[in-house]
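With chain A's structure known, arrange chain B on it following the hints.
Number of protein chains: 2
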Amino acid sequence: MDFSAILRKRRTIRFYRQMPVAEKHLLKLVESACHAPSAANNQVLRYTVVRTPDLVQAVFYNTSYAGRVTPRRSPQWGVNAPTAFIAISAVKNGPVLSNMVYADAGAAVMSISFAAVEEKLGCCWIGAFKAKEVTELLAIPETEQILFLVAVGHPAETPVEDTIQQGESVAYYLDEFDRLHVPKYSVEAITRIL
Amino acid sequence: MDFSAILRKRRTIRFYRQMPVAEKHLLKLVESACHAPSAANNQVLRYTVVRTPDLVQAVFYNTSYAGRVTPRRSPQWGVNAPTAFIAISAVKNGPVLSNMVYADAGAAVMSISFAAVEEKLGCCWIGAFKAKEVTELLAIPETEQILFLVAVGHPAETPVEDTIQQGESVAYYLDEFDRLHVPKYSVEAITRIL
Numbered sequence: 001m002d003f004s005a006i007l008r009k010r011r012t013i014r015f016y017r018q019m020p021v022a023e024k025h026l027l028k029l030v031e032s033a034c035h036a037p038s039a040a041n042n043q044v045l046r047y048t049v050v051r052t053p054d055l056v057q058a059v060f061y062n063t064s065y066a067g068r069v070t071p072r073r074s075p076q077w078g079v080n081a082p083t084a085f086i087a088i089s090a091v092k093n094g095p096v097l098s099n100m101v102y103a104d105a106g107a108a109v110m111s112i113s114f115a116a117v118e119e120k121l122g123c124c125w126i127g128a129f130k131a132k133e134v135t136e137l138l139a140i141p142e143t144e145q146i147l148f149l150v151a152v153g154h155p156a157e158t159p160v161e162d163t164i165q166q167g168e169s170v171a172y173y174l175d176e177f178d179r180l181h182v183p184k185y186s187v188e189a190i191t192r193i194l
Numbered sequence: 001m002d003f004s005a006i007l008r009k010r011r012t013i014r015f016y017r018q019m020p021v022a023e024k025h026l027l028k029l030v031e032s033a034c035h036a037p038s039a040a041n042n043q044v045l046r047y048t049v050v051r052t053p054d055l056v057q058a059v060f061y062n063t064s065y066a067g068r069v070t071p072r073r074s075p076q077w078g079v080n081a082p083t084a085f086i087a088i089s090a091v092k093n094g095p096v097l098s099n100m101v102y103a104d105a106g107a108a109v110m111s112i113s114f115a116a117v118e119e120k121l122g123c124c125w126i127g128a129f130k131a132k133e134v135t136e137l138l139a140i141p142e143t144e145q146i147l148f149l150v151a152v153g154h155p156a157e158t159p160v161e162d163t164i165q166q167g168e169s170v171a172y173y174l175d176e177f178d179r180l181h182v183p184k185y186s187v188e189a190i191t192r193i194l
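Sequences listed follow chains A and B, in order. Mapped onto our numbering, the consecutive letters of the first sequence carry residue numbers 1 to 194. Mapped onto our numbering, the consecutive letters of the second sequence carry residue numbers 1 to 194.
Just to be clear, a hint being listed does not mean it is correct.
Claimed, not checked - Listed below are several chain B residues computed to face chain A (Cβ distance under 10 Å; list not exhaustive):
#1 Thr12
#2 Ala22
#3 His25
#4 Ser32
#5 Asn41
#6 Phe60
#7 Thr63
#8 Ala108
#9 Met110
#10 Phe114
#11 Lys132
#12 Glu136
#13 Ala139
#14 Thr143
#15 Asp175
#16 Lys184
The hints are simulated quantities; they were obtained by calculation from the structure and are not laboratory data. Note that the coordinates shown come from a computational prediction; the quantities given were computed from them, not determined experimentally. Yeah, the Cβ is synthetic: ideal placement off N, Cα and C, and Gly gets one too.
If we strip away everything but chain A, and leave its shape as in the complex, we get (with noise of 0.2 Å):
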């Protein structure tokens, strides 16, 4: 698909339909990834693809979504939750992750995104969840830290974008037809030019 066509259409996708996704579309977004930028190209990353429907239900259950429009945007199991999870960890490499590893991650989740359009999929980036339980769900290494999960499946919604100027609400809501709509500040609101 073009960019210009991906660019417009990717949203965070929240709720989803009830269909497995296969492997390797969930392969394909990870390769996208793989090509991402890396802090002097030192690819800290691993990822874990989570297809197993009890897996996937368990690490379901300590995620949560869209705090602003609770319980409104909460998928629930077994009607309209993600079918498929992709784990962001990073090889530890001292007492503390640096800001350079969630920079390289939120790049990595940024390809994601796109390849996920591109895939016919939708996604969701995900920061508030469980980390304790959820790296023993998957088991991740004493050597990693998990950093963010993406939840992926196909998309049951279709969020829309509305341009916002400087000094207008950031917060997004669901209107009467409960559509969700994610104000975003337009190019001159936030850009200076010298």
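The following block gives chain B in isolation, referenced to the frame of chain A:
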């Protein structure tokens, strides 16, 4: 351009042709970042586009490139240096920026990097720069903290990605034709499937 083509083609570019980048193209790059996901949709990132040659030069002298192959991939002003920069800063909301802000910035840079390929430009994500000096040069407000620079220009090199397996070196290197090779892990090398 097709996303899969952009994904294959995108590489960090450190040598540039000496011709200016049109403002509208730089704003296209920032626009791509405006659509990116943001933790709780807070959108704390701000962008400073730098095109004025004197200012680009001043910023350039506060940046460094490709530590592993210094000085062979260090661009020189007037020869193959970037002709623009985009500075990414974040509105401060406490004494220390959270990891999520760095993750947001990583996502923004990834989107900018893809958009650069779409615009037939190249860019280099720079974490190694003199933050205090650049903050002063660009008059970044005290309410913000600069996180990253992205060097931008018309590409004058074509780096190559090499696929590596677990245990192989991630060190990028220059070959006998002065072409940069960037080893990237295969999906299998860094992915577990559950």
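To see whether the hints hold, each was checked on the structure:
Among the interface hints, the one on B:Thr12 holds; its C-beta lies about 6 Å from the nearest C-beta in chain A, closer than the 10 Å criterion. Among the interface hints, the one on B:Ala22 is violated; its C-beta lies about 12 Å from the nearest C-beta in chain A, farther than the 10 Å criterion. Interface hint status for B:His25: violated, as the beta-carbon distance to the closest one in chain A is roughly 12 Å, over 10 Å. At about 6 Å, the closest approach between the beta carbon of B:Ser32 and any beta carbon in chain A falls short of 10 Å, and the interface hint on this residue holds.
The beta carbon of B:Asn41 comes within 5 Å of a beta carbon in chain A, closer than 10 Å, and the hint placing it at the interface holds. The interface hint given for B:Phe60 is violated, since its Cβ lies 14 Å from the closest Cβ of chain A, which is over the 10 Å cut-off. Restraint check, B:Thr63 versus chain A: the minimum CB separation of about 15 Å is more than 10 Å; hint violated. Annotation: B:Ala108 was flagged as interfacial toward chain A, and the flag holds, the nearest CB pair being 8 Å apart, inside 10 Å.
A hinted interface residue such as B:Met110 counts as satisfied when its beta carbon comes closer than 10 Å to some beta carbon of chain A; here the least separation is about 4 Å, so the hint holds. Here the hint on B:Phe114 is kept, as its CB sits about 6 Å from the closest CB of chain A, short of 10 Å. The interface hint given for B:Lys132 is violated, since its Cβ lies 17 Å from the closest Cβ of chain A, which is over the 10 Å cut-off. The criterion of a C-beta within 10 Å of any C-beta in chain A is not met by B:Glu136, whose closest approach is roughly 13 Å, and the hint is violated.
For the restraint placing B:Ala139 at the interface with chain A, the shortest Cβ-Cβ distance is roughly 8 Å, inside the 10 Å limit, so the hint holds. Evaluation of the B:Thr143 hint against chain A yields a violated restraint, the C-beta minimum of about 13 Å exceeding 10 Å. Below 10 Å, beta-carbon pairs count as interface contacts, and B:Asp175 has none with chain A, the closest being about 16 Å; its hint is therefore violated. Interface restraint check for B:Lys184: the shortest CB-CB distance to chain A comes to about 6 Å, inside 10 Å, so the restraint holds.
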